[in-house]
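**Q** Spelled out from the first residue to the last, the chains are:
Protein chains: 2
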Amino acid sequence: MSEVKAYAAHAEKENLKPLDIERRNVKATDVEIDILYCGVCHSDIHTVNDDWGGAKYPVVPGHEIVGRVLNVGDKVKNFKEGDLVGVGCMVDSCQTCDSCKEGLEQYCENGAIMTYDGKDEHLGGHTFGGYSEKIVVDKEFVLSIPENIDIKATAPLLCAGITTWSPLQHWNVKKGDKVGVIGLGGLGHMGVKFASAMGAHVVMITTSPSKSDDAKSLGADSVLISKDEKQMEEHANSFDFLLNTVPVGHDTNPYIALLKRDATMVMVGAIEPLDPIHGGGLIIGRKSVAGSVIGGIKETQEMLDFCGEHNITCDVEMIDIQNINDAYERVVNSDVKYRFVIDMKSLKN
Amino acid sequence: MSEVKAYAAHAEKENLKPLDIERRNVKATDVEIDILYCGVCHSDIHTVNDDWGGAKYPVVPGHEIVGRVLNVGDKVKNFKEGDLVGVGCMVDSCQTCDSCKEGLEQYCENGAIMTYDGKDEHLGGHTFGGYSEKIVVDKEFVLSIPENIDIKATAPLLCAGITTWSPLQHWNVKKGDKVGVIGLGGLGHMGVKFASAMGAHVVMITTSPSKSDDAKSLGADSVLISKDEKQMEEHANSFDFLLNTVPVGHDTNPYIALLKRDATMVMVGAIEPLDPIHGGGLIIGRKSVAGSVIGGIKETQEMLDFCGEHNITCDVEMIDIQNINDAYERVVNSDVKYRFVIDMKSLKN
Numbered sequence: 023m024s025e026v027k028a029y030a031a032h033a034e035k036e037n038l039k040p041l042d043i044e045r046r047n048v049k050a051t052d053v054e055i056d057i058l059y060c061g062v063c064h065s066d067i068h069t070v071n072d073d074w075g076g077a078k079y080p081v082v083p084g085h086e087i088v089g090r091v092l093n094v095g096d097k098v099k100n101f102k103e104g105d106l107v108g109v110g111c112m113v114d115s116c117q118t119c120d121s122c123k124e125g126l127e128q129y130c131e132n133g134a135i136m137t138y139d140g141k142d143e144h145l146g147g148h149t150f151g152g153y154s155e156k157i158v159v160d161k162e163f164v165l166s167i168p169e170n171i172d173i174k175a176t177a178p179l180l181c182a183g184i185t186t187w188s189p190l191q192h193w194n195v196k197k198g199d200k201v202g203v204i205g206l207g208g209l210g211h212m213g214v215k216f217a218s219a220m221g222a223h224v225v226m227i228t229t230s231p232s233k234s235d236d237a238k239s240l241g242a243d244s245v246l247i248s249k250d251e252k253q254m255e256e257h258a259n260s261f262d263f264l265l266n267t268v269p270v271g272h273d274t275n276p277y278i279a280l281l282k283r284d285a286t287m288v289m290v291g292a293i294e295p296l297d298p299i300h301g302g303g304l305i306i307g308r309k310s311v312a313g314s315v316i317g318g319i320k321e322t323q324e325m326l327d328f329c330g331e332h333n334i335t336c337d338v339e340m341i342d343i344q345n346i347n348d349a350y351e352r353v354v355n356s357d358v359k360y361r362f363v364i365d366m367k368s369l370k371n
Numbered sequence: 023m024s025e026v027k028a029y030a031a032h033a034e035k036e037n038l039k040p041l042d043i044e045r046r047n048v049k050a051t052d053v054e055i056d057i058l059y060c061g062v063c064h065s066d067i068h069t070v071n072d073d074w075g076g077a078k079y080p081v082v083p084g085h086e087i088v089g090r091v092l093n094v095g096d097k098v099k100n101f102k103e104g105d106l107v108g109v110g111c112m113v114d115s116c117q118t119c120d121s122c123k124e125g126l127e128q129y130c131e132n133g134a135i136m137t138y139d140g141k142d143e144h145l146g147g148h149t150f151g152g153y154s155e156k157i158v159v160d161k162e163f164v165l166s167i168p169e170n171i172d173i174k175a176t177a178p179l180l181c182a183g184i185t186t187w188s189p190l191q192h193w194n195v196k197k198g199d200k201v202g203v204i205g206l207g208g209l210g211h212m213g214v215k216f217a218s219a220m221g222a223h224v225v226m227i228t229t230s231p232s233k234s235d236d237a238k239s240l241g242a243d244s245v246l247i248s249k250d251e252k253q254m255e256e257h258a259n260s261f262d263f264l265l266n267t268v269p270v271g272h273d274t275n276p277y278i279a280l281l282k283r284d285a286t287m288v289m290v291g292a293i294e295p296l297d298p299i300h301g302g303g304l305i306i307g308r309k310s311v312a313g314s315v316i317g318g319i320k321e322t323q324e325m326l327d328f329c330g331e332h333n334i335t336c337d338v339e340m341i342d343i344q345n346i347n348d349a350y351e352r353v354v355n356s357d358v359k360y361r362f363v364i365d366m367k368s369l370k371n
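Just so you know, the sequences run in chain order G and L. Numbering (our numbering) for the first sequence: 23 to 371. Numbering (our numbering) for the second sequence: 23 to 371.
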C-alpha cells in the first residue's frame, strides 16, 4: 500500500478538500500511473452531491485521467515506464460475460467497476478516481494516448469523447448523413467534432442563438434554434441521426419530430425521467429513442487513435485543483467552454 | 357513380346507422369488391367518437375488408372477377416518394390515403370504409387472400395482423429469440401467433393472470404477470424483443427493464403520451423504444401468404351489422376474443 494525495468530498455535499488515500501495490497485471491531468465531468459533481443517491464518502472524483506510466507488473507487456496513458470511467469488469467478450465492458452483465465510488475488490471499500497524484489500474483498462496531440486536452476524451463517439459509430453515422447534436456542452462539443470528422452534415440544435458562432467554429455546418417553431418545422423528418446530450430530463417530442423514417435519437446525457413521449411520434415514421453509455475499451482506443490521426482534442480550460469548487459552480451554471481540466501538478503545491 | 348501402356515424358521437353512399365508377386501374366480411378495429371506435380529433362525418368505418372481386378496370391484370381479395388501412399513396418506392406506403412522405376518413381524390370529400356492400380500390392496394383458410377469420389480418407482423419482421425476430408480447387483445393475440410461428420463445406479458390459459393456447410458451415484481425481476435484461400492444399511454419503464442489451421494445398500440421514460433505463444497456404502424402492401401480401402456408387466422366473433353498437361497447370493455368481424350479408337484411 502507498499513500497518495487526493482531493475528495469527505461527507455529503461538503466541498472538495485535500485527503491522503491508499492506493494498492502494483500487482502482476497492474499499471501504476503518475496522473498529469484529470477532466471535470458533470457526473463528478452529481456524485459529490449524492444527487443520484448511493454516493460513498470520501468521494475522490475524476474519470478523465491522463498520465505517464510509473511502473508496471510482470505480466504487463503493452505498457512501459514513461508511456502516455489514459484511464476512463471503468477500472475493471468481469471479462467473461457476453458484453465483456464483445468489448463492451460498459455493459458488463456482472457490473463494471467504476473508476471512483465503485466496489474496490483489491483493498475493500470503494474506488478512488483521478483527482489524485497516482492511480493503479489493471492493464486491460489502460488506454494508449497519442503523443502528437495536446496532452492536457485529451483527458476529456476518456468520458465526454467516448460517450459521443460510441453511439455515432454504433448507429453507423457516415459521410453525408444529416446529424443533429442537441445541446452544446462538454458532450455536445465533442459530438460536433466527431460527426464532422466522420463527414456528416452536422446541425447544432440548441435553445441559445448565442451559441451559433461557437458551434460553427467547432465544425457544425448549420445551427437550428429549437425554440423557433418555424425552423423546427422546416427540418421536420429530415435527420438521419440525433445525438441528444441534454443532461437533464426534458421534452424530447420536438426532436423526435425531426427524425426521418427509421431514424434514431440517442440519449447520452439525461438519466432522469424524460417528459412524456407521444407514442404516435414514434409510430408514425417507425422512429426510435435509444440510450448509450460511454464505450468499451476497444472502441475507446479506436477513438483515441482516430483523434491522433485527425488532430482532435477537447476544448478545455485549465485549472489548479485549489480552484475545483469554483469550477464546479461554473459547470453547474454551464459557464465553461467546454471542459475543465485539472493540472495535477497543482496537487503538489 | 353507384349508390351502395353502408353503416355510418352521421354526426359526432352518434351511433352507427344505415346510410346510402356513393362509390366511384370503376376506372382502368380499379378493382370493385363485393364485401363479405369486415373486422372491427378499436380505431374505428376512436374515429366514430372523434377521440383523436379531425373525424369527418359521416364516418363509414372499417379497414379490415375481405370480399370477392366484382369487376376490374382494363389495366388490371392480377385480379379477376371472383378472386378472394382484401383491403387494409390504406387505399392510395403517392407511389413516388422513397417510402412508397421501398414498399412502405404506410410511411408515404406525401401522406397515404386511409381507407376511411381519408381525402377522396376521386369524388372529393372523404373516403368510406368497409362497413359497406362494396368498395372500389386501386389495384395497388388490393391484396390476394389465400382460399385455403377460414375466410371470415382473415379479415383482421389486414390491420391487427400486419400491425404485429411488420415489426416482428423488421426487427428480425428469429427462431429461438425470447419475445415478449405485452397485452392480449386483438393485436396481442396475433403477435403471439406470429412470433410463435416464427420459432421464437414467446412470453405473454399481461396484468391479468386470468389470461394465462388463453395465451398458452394461442402459442405462448409462458406467461409473465407484469404486476408481480418478483417475476419481473427474474426476467430482467432477458428479452430479445418486446412487442407492446397496450392501446393507451402507460408506464413502459418496467418493460424496458426486461430488455437485453441492444434490444428494442416496439410500440404498436399507444399513440398517446407514455408515462415519463427514465433516460437511465435506455442508457444502461443501450436499449431502444421504437414505434411501428401497420405495414406496406408488399409485406402485407407476404404475411397473407405466410398465413395461408401456416394456417394462421385471427380468433374472431362474428356479428351482424345490426349489432355493431353493442360490439363497440364490448370492444371498449375488452370483452372480445379477439376481434369482432361483421358478416356483411347482414347489411342486405
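I should point out that these hints are in silico values taken from the structure, not numbers from a laboratory. Please note that a few of the clues may not be correct.
A pair counts as met if it fits within one copy or between any two copies, since identical chains are not told apart.
The calculated lysine to any residue pairs, modelled on SDA-like cross-linking and capped at a C-alpha distance of 20 Å, are [what the hints assert, rightly or not]:
#1 LYS141 with HIS32
#2 LYS196 with ASP235
#3 LYS99 with LYS252
#4 LYS35 with ASN132
#5 LYS123 with ARG283
#6 LYS161 with ASP250
#7 LYS123 with ASN259
#8 LYS320 with HIS332
#9 LYS359 with GLU324
#10 LYS320 with ARG283
#11 LYS97 with LEU369
#12 LYS196 with ASP273
#13 LYS99 with ASP348
#14 LYS123 with SER260
**Q** Within a copy, between copies, both or neither: which one fits LYS99 and ASP348 at a CA-CA cutoff of 20 Å?
**A** Classified as neither; 41 Å inside a copy, 77 Å across copies.
**Q** Quick one: LYS99 to LYS252, C-alpha cut-off 20 Å, is that within a copy, between copies, both, or neither?
**A** So LYS99 and LYS252 fail the 20 Å test inside a copy (58 Å) and across (47 Å) alike.
**Q** Can you tell me if LYS161 and ASP250 fall within 20 Å by alpha carbon in one copy, between copies, both or neither?
**A** Classified as neither; 49 Å inside a copy, 43 Å across copies.
**Q** Checking LYS359 and GLU324: alpha-carbon separation at most 20 Å within a copy, between copies, both or neither?
**A** neither (25 Å within a copy, 54 Å between copies)
**Q** State whether the alpha carbon distance between LYS320 and ARG283 is at most 20 Å within one copy, between copies, both, or neither.
**A** Intra 31 Å, inter 18 Å, cutoff 20 Å: inter-copy only.
**Q** Treating 20 Å as the Cα threshold, decide for LYS141 and HIS32: within, between, both or neither.
**A** within (17 Å within a copy, 67 Å between copies)
**Q** Is it within, between, both, or neither for LYS123 and SER260, if the alpha carbons may be no more than 20 Å apart?
**A** between (36 Å within a copy, 18 Å between copies)
**Q** As a check of your reading, is LYS320 near HIS332 (CA-CA no more than 20 Å) within one copy, between copies, both or neither?
**A** Only inside one copy: LYS320 and HIS332 sit 18 Å apart there, 45 Å across copies, limit 20 Å.
**Q** Between LYS196 and ASP273, at a C-alpha cutoff of 20 Å, which is it: within one copy, between copies, both, or neither?
**A** neither (27 Å within a copy, 35 Å between copies)
**Q** Within a copy, between copies, both or neither: which one fits LYS123 and ASN259 at a CA-CA cutoff of 20 Å?
**A** Between copies, since 17 Å is at most 20 Å while 37 Å is not.
**Q** Between copies, within a copy, both or neither: which fits LYS35 and ASN132 at Cα up to 20 Å?
**A** Neither way: LYS35 and ASN132 sit 30 Å apart in one copy and 55 Å across, limit 20 Å.
**Q** Are the CA atoms of LYS196 and ASP235 at most 20 Å apart within a copy, between copies, both, or neither?
**A** For LYS196 and ASP235, the Cα distance exceeds 20 Å both inside one copy (24 Å) and across copies (49 Å).
The structure is inconsistent with the numbered hints 2, 3, 4, 6, 9, 11, 12 and 13, although it conforms to all the rest.
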